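Student: Given chain A's structure and the hints, the job is docking chain B onto it.
Those protein sequences? They're chains A and B, same order as listed.
So the first sequence is residues 1 to 167, counted in the numbering used here.
So the second sequence is residues 1 to 529, counted in the numbering used here.
The hints are simulated quantities; they were obtained by calculation from the structure and are not laboratory data.
Possibly wrong hints are sitting among the right ones.
[Stated by the list, open to error] Here are the computed distance ranges between Cβ atoms for each label pair:
| hint | chain 1 | residue 1 | chain 2 | residue 2 | range |
| --- | --- | --- | --- | --- | --- |
| 1 | A | Tyr71 | B | Asp375 | 25 to 31 Å |
| 2 | B | Glu51 | A | Arg5 | 21 to 27 Å |
| 3 | B | Asp68 | A | Arg161 | 30 to 36 Å |
| 4 | B | Glu323 | A | Asn55 | 34 to 40 Å |
| 5 | B | Asp68 | A | Asp115 | 17 to 23 Å |
| 6 | B | Glu63 | A | Pro100 | 34 to 40 Å |
| 7 | A | Ala166 | B | Gly232 | 44 to 50 Å |
| 8 | A | Asn55 | B | Gly232 | 48 to 54 Å |
| 9 | A | Arg161 | B | Pro84 | 32 to 38 Å |
| 10 | B | Trp454 | A | Asp115 | 22 to 28 Å |
[To be verified] Calculated from the model, a selection of chain B residues having no Cβ within reach of chain A, i.e. all distances over 10 Å:
| hint | residue |
| --- | --- |
| 11 | Pro3 |
| 12 | Arg10 |
| 13 | Thr184 |
| 14 | Gly255 |
| 15 | Gly322 |
Since this is a predicted model, take the numbers as computed values, not measurements.
Heads up, the beta-carbon is just placed ideally off N, CA and C, and yes, glycines get one too.
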Amino acid sequence: MELTRRDVLAALAAASAGCSFPEDASGDGFSSEETETLVSLAEVVYPSDVTSIENFVRDYSLARVEGRGEYREGMRDAIAELDEHAETFHDQAFAALPKPTRDEALRGLGVDAADPDPEGATRERVRYYLVNELLFALYTTPTGGELLGTENPPGHPGGTRSYQGAR
Amino acid sequence: MSPDRTPAGRADVCVVGAGPAGALVAERLATAGRDVVVLEAGPRFEQDREEQMETYLRPAHAETEVWDMGGPRDAFVSSGRSYPLNALRVKGVGGSTLHWQGMVMRLHEQDFELESSVGLGRDWPIDYADLKPYYAAAESALGVAGADDNPFAPPRDEPFPMPAFPPSKSDSLFADACESAGITTHSVPNARNSESYDGRSACVGYGTCSPVCPSGAKYDATTTIADAEEAGARVVSEVPVQRLEHDAAGERVTGAVYATPDGEEHTQEAREFVLACGGVETPRLLLLSDSPQYPDGLANSSGAVGRYFMDHLFAGMGGRVGEETRQHHVGFMTSESHQFYDRPDDSRSAIKLEFLNYAGPSPVGAALSGDDWGDELVERVRDSYGNHLAMGGLVEQLPRAENRIRLHPTKTDDHGNPVPEVVWSLDERTRRTIERANEIQRRVFDELGVEPDWVTGPESTTPTAHHMGTTRMGEDPEASVVDPELRTHDLSNLSIASSSVFVTAGAMNPTLTIAALALKCADHLEERL
Numbered sequence: 001m002e003l004t005r006r007d008v009l010a011a012l013a014a015a016s017a018g019c020s021f022p023e024d025a026s027g028d029g030f031s032s033e034e035t036e037t038l039v040s041l042a043e044v045v046y047p048s049d050v051t052s053i054e055n056f057v058r059d060y061s062l063a064r065v066e067g068r069g070e071y072r073e074g075m076r077d078a079i080a081e082l083d084e085h086a087e088t089f090h091d092q093a094f095a096a097l098p099k100p101t102r103d104e105a106l107r108g109l110g111v112d113a114a115d116p117d118p119e120g121a122t123r124e125r126v127r128y129y130l131v132n133e134l135l136f137a138l139y140t141t142p143t144g145g146e147l148l149g150t151e152n153p154p155g156h157p158g159g160t161r162s163y164q165g166a167r
Numbered sequence: 001m002s003p004d005r006t007p008a009g010r011a012d013v014c015v016v017g018a019g020p021a022g023a024l025v026a027e028r029l030a031t032a033g034r035d036v037v038v039l040e041a042g043p044r045f046e047q048d049r050e051e052q053m054e055t056y057l058r059p060a061h062a063e064t065e066v067w068d069m070g071g072p073r074d075a076f077v078s079s080g081r082s083y084p085l086n087a088l089r090v091k092g093v094g095g096s097t098l099h100w101q102g103m104v105m106r107l108h109e110q111d112f113e114l115e116s117s118v119g120l121g122r123d124w125p126i127d128y129a130d131l132k133p134y135y136a137a138a139e140s141a142l143g144v145a146g147a148d149d150n151p152f153a154p155p156r157d158e159p160f161p162m163p164a165f166p167p168s169k170s171d172s173l174f175a176d177a178c179e180s181a182g183i184t185t186h187s188v189p190n191a192r193n194s195e196s197y198d199g200r201s202a203c204v205g206y207g208t209c210s211p212v213c214p215s216g217a218k219y220d221a222t223t224t225i226a227d228a229e230e231a232g233a234r235v236v237s238e239v240p241v242q243r244l245e246h247d248a249a250g251e252r253v254t255g256a257v258y259a260t261p262d263g264e265e266h267t268q269e270a271r272e273f274v275l276a277c278g279g280v281e282t283p284r285l286l287l288l289s290d291s292p293q294y295p296d297g298l299a300n301s302s303g304a305v306g307r308y309f310m311d312h313l314f315a316g317m318g319g320r321v322g323e324e325t326r327q328h329h330v331g332f333m334t335s336e337s338h339q340f341y342d343r344p345d346d347s348r349s350a351i352k353l354e355f356l357n358y359a360g361p362s363p364v365g366a367a368l369s370g371d372d373w374g375d376e377l378v379e380r381v382r383d384s385y386g387n388h389l390a391m392g393g394l395v396e397q398l399p400r401a402e403n404r405i406r407l408h409p410t411k412t413d414d415h416g417n418p419v420p421e422v423v424w425s426l427d428e429r430t431r432r433t434i435e436r437a438n439e440i441q442r443r444v445f446d447e448l449g450v451e452p453d454w455v456t457g458p459e460s461t462t463p464t465a466h467h468m469g470t471t472r473m474g475e476d477p478e479a480s481v482v483d484p485e486l487r488t489h490d491l492s493n494l495s496i497a498s499s500s501v502f503v504t505a506g507a508m509n510p511t512l513t514i515a516a517l518a519l520k521c522a523d524h525l526e527e528r529l
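If we strip away everything but chain B, and leave its shape as in the complex, we get:
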């Protein structure tokens, strides 16, 4: 029997999206006794996670099959530089945390004041101190394993909830080379249990973190959704919201119109609405909700909805050394360097350096992919696996109005709505910063005495599925979409909890900041309700 997808009575809060942001808002408000409804476009994934792991490990299946990513529901158009929107984006209860790797760093103080400090981008209307208590709460909510060994990290008042994962064998090789090159390495905060936490086990080393953690040691938002439901929230899956409706005065949202799998449309009414559907679907939904009063889309009197789309760019290189490196034993990273994160001036953007624990081919993937078997297979895989090393890095992209999400004029999705068009390109400063990251990485490889056999630079770089900036936060209603309380300037009961409110992108994986902002959003909502 299919679940009841008819709308509840007028709720206190209607949240659109059951990823980490929506889940945290729902959990906090439901726990506070509020009547909360969450509408999620994708399904509840109820299959065995070991089965999903097998789907990932066996080469007959595309990685996107694991979480049913893409297809007519997620159709899109990419303009300019190619953008693989559905490669890492999951729609479903839990959102993209189902697939993510789980790296959770706080933004730096400079990230919030980039324009005033070095003349780049734009300042956020809040600073690090405003977000600091929410960062701590987010680390507690997600369960973060970390250590206070990072000399470049912003100040914190409390220890991490769990001890950090120790460095890897390959980290130790990199650490020596980095020391010779004058580069300081340190641990990585991971949203992954290094010991039992929040009813979930410690990591047992399946090594398939992204796209799937069968043990549940890696945080994903299904745990927060479960807590929200336990507290009374109603979570309805497979109900993509088609548009928001507003009152005659154009001051308040009155309902979220959603479609059900059987072709029905319903309207969920609420006192407050929260959009928590990521950096692409959030602006798309606002643009789809145009009306005679708001012909350019809802909450878009600034014209900023969909604009300033940003992602982080990958820069990296890898090669082979003359000793065992123990790669692919785990699927997460244990060392990084944030030494080149803060910008000395306006010549470059932020760089975060990473040391991979899964360089080179996976032995299982290699074993199942050749045209050989028996002794020949063993010989081939032993030759291809075992001594790879790789460095990665995230490079910041600054906000530019021409990078944007807009509605495509002709192509529609499975509900007849215009698909998102991702208009995206790289500017010269970003390219220069990728080159700078490569120079630093090359220095390390020189110290190792290794000639890289692959390099990802400005031409071959790829985005990292961190969709940011498309409903930016600001004090000025003419230049931003939401205010510092995450409420839209135009509609008094519409808030946004998403990376779409980021003013600048930094170069840290965004989910911890998304979670912190979601908790801040929940606090402001609770004050108003």
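Chain A extracted, bound-state conformation:
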């Protein structure tokens, strides 16, 4: 299932980020390394049959933090801590690890069982700022919702026909 620019716009509509791509993609967003970490994380937490993850994550994340410096810093800190954990226990940055090892690193940090908390411990902030951030982006789109059984998930302004049974 391919993620498209339309999915990026749908995800942004559900998030507090407006509904447009930032005009200047080189602005205050993320470094290329940070973006790589986000993409490599999405490859782990997204279902295996989702494709074009890189463009989706790149475009969504950049638009998502535009004008939201505090949120961006929360994401950047969480990325740095995730990388630090990967370096400590797996000797490489998170993005450089094979996909199964990334999964292992996340679980080793306790992110799977962590409650999302923007002010919590590392595992809780990684869960909030990174894992749940990416899951929220995907599953509030019709494409992500369809994977779960609904093309009009909560958060997506999908109109008033689908609840009547129309597809």
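Tutor: Positioned in the frame of chain A, the structure of chain B alone reads:
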């Protein structure tokens, strides 16, 4: 720069509370050219509503964070059966309509004459015909989408402002089962745009109506407040009124004393005062306004202030069927049954049956809450979402003096005022009626061939945040707080526009009746000014 919160000169009308009742009173009187000041305890919410929606959808946040509910400002004590006062009550410009679901039914004719018809509760001093034109005006003001397909509804003279939302996929499953069970279903009047109305868009299906509608299709009182301000009303936020002061004769209120965020206290003077701060804060403010002349609280010579507190009780059940039910596509209901509303005798109170469109877990909530991700997550959520069905229902609670709001003797709020103590319990008739609602719901589930996997009955029932009865309306000054014109018996320039004036609760969501009474209150005020 913070807004000017110093008092205006003596106003024609001072309204306490900027929820739907206060907003409608303010809008009508300001439009009529009156000088109106509204004092609101809570803030103006100016954040992005999509941001609020995200706060709601992401599991790191409590739902009460969306509208800043609770905390020291809203401290309270619950005695008897646990009462979650701040779970659904919003303080701020717009009041609890910011959070509400937006169901707007008229009370039935029998609701106004319950004592004389079946020997329950007490009759209202007004009847349905008195309120009927105000119901129509309220439906117009809020913007109601509805249809004339309800054979149990009271008579009406005009169509709804907008067409009803069509029934849902799950409604159609319930409709077949209900037909087999001899139960008639019909549409739900919604204060939610089924088409563009009053400058607001039609519903676009965000599915998060309660607690927040990002599109503005759901009515909330900020729109009426905006109209009031456009007409010249002054609305001051974050100024909780601490007490009312009266003249030496004890016949008229002279001022509303309010606190500002910077710790100042001011007094707003006015010719007329309207309390529109809900079924808990309205009696609390009267009790806080005691004086040597009124040692038991203002407007309380009857002793009824704070008493007869009522809420509606939830009764429901849910289960899973062998097909897709399309839940959580929208956050509102589209079918109900009022067949069991009117009471045949004194054996039970009113029951309103509902068919939910958001049964079972939300797919987004489920996706963000597990300890898995990737394919495992999809498998888990697909297994938990998609084929749930649920029925709900509201059950009437009759007025009893022992259910009450009173001032707590020791606990105080962030301004040093005694907090409200909610003394609340269920009587046997209410329990029996909840059981009866469950029996009817069980019949429907039997027809569906579904074994419910949850039931909310008399033991597990919860209140539904409809706070009513605490300054009841009546002709007799010794047994009621306000007269049929919503003016207190004791003070000639003090009116109350609130569910607190309800004499009985019925089992309909109360906001349309609150709005109708507010419009009636505004008419009486305009006659006097």
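Student: For each hint, tell me whether it holds in the structure or not.
Tutor: Taking the hints in turn, this is what the structure says about them:
1. For the pair Tyr71 of chain A and Asp375 of chain B, the supplied restraint of 25 to 31 Å holds, since their beta-carbon distance comes to about 29 Å.
2. Under the hint 21 to 27 Å, the C-beta atoms of Glu51 of chain B and Arg5 of chain A, about 23 Å apart, fit the expected range.
3. In this structure the hint that Asp68 of chain B and Arg161 of chain A lie 30 to 36 Å apart at CB holds, the actual value being about 34 Å.
4. The beta-carbon spacing between Glu323 of chain B and Asn55 of chain A, approximately 36 Å, falls within the hinted interval of 34 to 40 Å.
5. Between Asp68 of chain B and Asp115 of chain A the beta carbon distance is about 22 Å. The supplied range of 17 to 23 Å therefore holds.
6. The hinted range of 34 to 40 Å is satisfied by Glu63 of chain B and Pro100 of chain A, whose Cβ atoms lie roughly 37 Å apart.
7. Here the CB-CB span from Ala166 of chain A to Gly232 of chain B is close to 47 Å, well matched to the stated 44 to 50 Å.
8. A hinted range of 48 to 54 Å holds for the C-beta pair Asn55 of chain A and Gly232 of chain B, which are about 53 Å apart.
9. Taking 32 to 38 Å as the suggested C-beta distance range, the pair Arg161 of chain A and Pro84 of chain B conforms, at roughly 36 Å.
10. At about 24 Å, the beta-carbon gap between Trp454 of chain B and Asp115 of chain A stays in the expected band of 22 to 28 Å.
11. With a least CB separation of 25 Å from chain A, Pro3 of chain B remains clear of the 10 Å interface cut-off, as annotated.
12. Listed as outside the interface, Arg10 of chain B is consistent with that label: its C-beta sits roughly 43 Å from the nearest C-beta of chain A, beyond the 10 Å cut-off.
13. Remark: the non-interface label on Thr184 of chain B is consistent with the geometry, its nearest Cβ contact in chain A lying 20 Å away (cut-off 10 Å).
14. Non-interface call for Gly255 of chain B relative to chain A: holds, since the shortest CB-CB distance, roughly 42 Å, exceeds 10 Å.
15. For Gly322 of chain B, the shortest C-beta to C-beta distance to chain A comes to about 14 Å, beyond the 10 Å cut-off, and the non-interface label holds.
Every hint from the earlier list agrees with this structure, and none is contradicted.
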